[in-house]
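Taking the hints into account, I'd like the entire structure generated from these sequences.
There are 2 protein chains.
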Amino acid sequence: MARVYNFSAGPAVLPEEVLTQARDELVDWRSSGMSVMEMSHRGKEFISIAEKAEADLRELLAIPASHKVLFLQGGATQQFAMVPMNLLRGKKSADYVNTGQWSKKAISEAKKLGAANVVATSEASNFTTVPAPGAWKLDPNAAYVHYTPNETIGGVEFHWIPDTGDVPLVADMSSTILSRPLDVARYGLIYAGAQKNIGPAGLTIVIVREDLIGGAAPGTPSMMDYRIHAENGSMYNTPPTYAWYIAGLVFEWLKRRGGLKAMAAVNERKAKKLYDYIDASGFYRNPVDPACRSWMNVPFTLADAALDEAFLKGAKGAGLVQLKGHRSVGGMRASIYNAMPEAGVDALIDYMKTFVKNKG
Amino acid sequence: MARVYNFSAGPAVLPEEVLTQARDELVDWRSSGMSVMEMSHRGKEFISIAEKAEADLRELLAIPASHKVLFLQGGATQQFAMVPMNLLRGKKSADYVNTGQWSKKAISEAKKLGAANVVATSEASNFTTVPAPGAWKLDPNAAYVHYTPNETIGGVEFHWIPDTGDVPLVADMSSTILSRPLDVARYGLIYAGAQKNIGPAGLTIVIVREDLIGGAAPGTPSMMDYRIHAENGSMYNTPPTYAWYIAGLVFEWLKRRGGLKAMAAVNERKAKKLYDYIDASGFYRNPVDPACRSWMNVPFTLADAALDEAFLKGAKGAGLVQLKGHRSVGGMRASIYNAMPEAGVDALIDYMKTFVKNKG
Numbered sequence: 136m137a138r139v140y141n142f143s144a145g146p147a148v149l150p151e152e153v154l155t156q157a158r159d160e161l162v163d164w165r166s167s168g169m170s171v172m173e174m175s176h177r178g179k180e181f182i183s184i185a186e187k188a189e190a191d192l193r194e195l196l197a198i199p200a201s202h203k204v205l206f207l208q209g210g211a212t213q214q215f216a217m218v219p220m221n222l223l224r225g226k227k228s229a230d231y232v233n234t235g236q237w238s239k240k241a242i243s244e245a246k247k248l249g250a251a252n253v254v255a256t257s258e259a260s261n262f263t264t265v266p267a268p269g270a271w272k273l274d275p276n277a278a279y280v281h282y283t284p285n286e287t288i289g290g291v292e293f294h295w296i297p298d299t300g301d302v303p304l305v306a307d308m309s310s311t312i313l314s315r316p317l318d319v320a321r322y323g324l325i326y327a328g329a330q331k332n333i334g335p336a337g338l339t340i341v342i343v344r345e346d347l348i349g350g351a352a353p354g355t356p357s358m359m360d361y362r363i364h365a366e367n368g369s370m371y372n373t374p375p376t377y378a379w380y381i382a383g384l385v386f387e388w389l390k391r392r393g394g395l396k397a398m399a400a401v402n403e404r405k406a407k408k409l410y411d412y413i414d415a416s417g418f419y420r421n422p423v424d425p426a427c428r429s430w431m432n433v434p435f436t437l438a439d440a441a442l443d444e445a446f447l448k449g450a451k452g453a454g455l456v457q458l459k460g461h462r463s464v465g466g467m468r469a470s471i472y473n474a475m476p477e478a479g480v481d482a483l484i485d486y487m488k489t490f491v492k493n494k495g
Numbered sequence: 136m137a138r139v140y141n142f143s144a145g146p147a148v149l150p151e152e153v154l155t156q157a158r159d160e161l162v163d164w165r166s167s168g169m170s171v172m173e174m175s176h177r178g179k180e181f182i183s184i185a186e187k188a189e190a191d192l193r194e195l196l197a198i199p200a201s202h203k204v205l206f207l208q209g210g211a212t213q214q215f216a217m218v219p220m221n222l223l224r225g226k227k228s229a230d231y232v233n234t235g236q237w238s239k240k241a242i243s244e245a246k247k248l249g250a251a252n253v254v255a256t257s258e259a260s261n262f263t264t265v266p267a268p269g270a271w272k273l274d275p276n277a278a279y280v281h282y283t284p285n286e287t288i289g290g291v292e293f294h295w296i297p298d299t300g301d302v303p304l305v306a307d308m309s310s311t312i313l314s315r316p317l318d319v320a321r322y323g324l325i326y327a328g329a330q331k332n333i334g335p336a337g338l339t340i341v342i343v344r345e346d347l348i349g350g351a352a353p354g355t356p357s358m359m360d361y362r363i364h365a366e367n368g369s370m371y372n373t374p375p376t377y378a379w380y381i382a383g384l385v386f387e388w389l390k391r392r393g394g395l396k397a398m399a400a401v402n403e404r405k406a407k408k409l410y411d412y413i414d415a416s417g418f419y420r421n422p423v424d425p426a427c428r429s430w431m432n433v434p435f436t437l438a439d440a441a442l443d444e445a446f447l448k449g450a451k452g453a454g455l456v457q458l459k460g461h462r463s464v465g466g467m468r469a470s471i472y473n474a475m476p477e478a479g480v481d482a483l484i485d486y487m488k489t490f491v492k493n494k495g
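Chain order of the listed sequences is S and L. Counted the way this note's numbering counts, the first sequence spans residues 136 to 495. Counted the way this note's numbering counts, the second sequence spans residues 136 to 495.
Heads up, a few of these hints could be off.
Said to hold, decoys possible - Over the 10 Å line for every Cβ pair with chain S, so calculated as not near, a few chain L residues:
id : residue
1  : R138
2  : M169
3  : P199
4  : H202
5  : F215
6  : K247
7  : I288
8  : Y322
9  : L338
10 : A365
11 : G394
12 : A400
13 : G417
14 : N421
15 : D485
As the list claims (entries may be wrong) - When the alpha-carbon atoms are kept at most 20 Å apart in a straight line, the in silico SDA-like pairs for lysine to any residue are as follows:
id : chain 1 : residue 1 : chain 2 : residue 2
16 : L       : K240      : L       : G269
17 : L       : K239      : S       : N367
18 : S       : K390      : S       : A197
19 : S       : K187      : S       : Q156
20 : L       : K448      : S       : S166
21 : S       : K448      : L       : I242
22 : S       : K240      : L       : R177
23 : L       : K407      : L       : E387
24 : S       : K240      : L       : Y371
None of these hints come from the bench; they were simulated from the model. Don't be surprised by glycine CBs; every beta carbon is placed ideally from N, CA and C.
Next up, the structure:
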């Protein structure tokens, strides 16, 4: 079959150039006589791959020398626990902002391990907005402030960085990292599961300010301790080498595309044309406050939910897949990460128009 | 370059057939229009891959219905912590057998989280043997007994299964799983990092008896709780999908090769011819008691360590790579997992003979 436009929220579409390069190198990586999957993580071939990937990521995000980059496993879900295990450092509690389902998961995991105070929530708007800065009841003694810059399910995104003064800011950037330039210095810790904008599932990237490393509670398992990973260059044990390699190819692709400023322009344009069409259609609807609509995940409903199945079936026939909304909210969701070509968004809008004409 | 014989201890050689199949399917998996890396883990394509892999693994190892199979992340190192966190279940302590470096890591991690009693050790022999059954001072009230059936670094292997009565037996099988048939019913829990005999790094397989699931200590992070993974079919969060897929291809390859009985015959033969040559050479030496020599990892030294560099350089020229022994023990190590063809062992022995003739 021809390549489809895959709107999955994650694991998600990867750049076709990256996939063809990975295919061409799969059995024999650059005349090494072996696949990247077969390489010792301590051999010079893989070390060169790993170091290049980190250097490119640092360049793309302009990560300051004050911050370490870790290549870990376990996804954002493991970070929901690792953040409090490492960053509470004897403090009474941490502050959390609730903007939807991923925030809630982070809060619930943190509560298992200490005290998580919800200092702001957009629950009253059914998570169609984010809490205004003035509404955050921040505790100046909190260990850190945690928020979710982009809610993959609700399609709600912060287009500004919260000011938390001297309290370290922690962000789950799984579904927005690398979508635009980022002032990393404003953050104490950023984490992201790879399977949206970075690479294959099974890799998790953590960017952490060095002074926040080393405070893990006694009895913290080695794999949950940032210090152990940082001191061992993310190779305390065998890292997910092949996912790390693919991430490196994605970083090279982003650089060839012009870096994150260029990506931001494309991403903003892709999102705007989809939201503009939805708003003008009179048939589709996105419930999110226009000021905090996600560039990456665009949920929408049809005027008549009874048409959902027909919409999805027709979309599949047109080579547009994984448009079904998350089971908890229903409707549709188009995830349009970096690797979704603008032509994919155009094809989706064309299909949506045709569907209205025929069924609406 | 032509394909090399890769003797890495892990990540390690994969079957060439698996790699070429993965290459051919990389960009477009079976006319789905997408790569396996891009598939939603909850989509029907990936679910079919995941279920087939589990069914094939169950068939290969004849895993009884009493045992769940989990596809996790974090490697054996994460299991070193998860085992005590889940299996202590209020008991005072667990029993550990020390047969070398991987046992020691498991013990040290368990001691962080509870009491780990070393009930048998082969330290006195410098880990060139395993403790005889009569020498184990088992505690009948222990939560479980943990041992390492194959020590990847020392090259020491159990060729028998310990009898621990009613106390659950737990095994780190990272470097020996799938090398031969296994009586899974004798075990409470088996875990294995994938990067030796299963597939790419970043996947960890846990086989656990159902009655041992559900006893995690309060406050255990979700990702460390077997119950949460078991109840969600290893999809509580996004699993390492691509590694899971490659593991599935390896399982299909093992079935085509005739299953584990056929693999055992080949593995025993490969190991025997290498040990026989080493013992007869008068130049190379393996220090391990012949009764517990590993089929998978064969460490050996040269009569003169000053020749190590020349040996490695010549080997590389002959297409034999990753033969350097672990930094903690020096010398050489040939890891000859399932995917190492018998021709690779033959080529190694030929090279070793030539080296003796020219330099020895």
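Hints, one by one, checked against the model:
no., hint, result
1, R138, "5 Å, violated"
2, M169, "5 Å, violated"
3, P199, "29 Å, holds"
4, H202, "24 Å, holds"
5, F215, "8 Å, violated"
6, K247, "5 Å, violated"
7, I288, "13 Å, holds"
8, Y322, "22 Å, holds"
9, L338, "7 Å, violated"
10, A365, "16 Å, holds"
11, G394, "23 Å, holds"
12, A400, "24 Å, holds"
13, G417, "30 Å, holds"
14, N421, "21 Å, holds"
15, D485, "18 Å, holds"
16, L/K240 <-> L/G269, "24 Å, violated"
17, L/K239 <-> S/N367, "19 Å, holds"
18, S/K390 <-> S/A197, "12 Å, holds"
19, S/K187 <-> S/Q156, "16 Å, holds"
20, L/K448 <-> S/S166, "17 Å, holds"
21, S/K448 <-> L/I242, "54 Å, violated"
22, S/K240 <-> L/R177, "19 Å, holds"
23, L/K407 <-> L/E387, "26 Å, violated"
24, S/K240 <-> L/Y371, "12 Å, holds"
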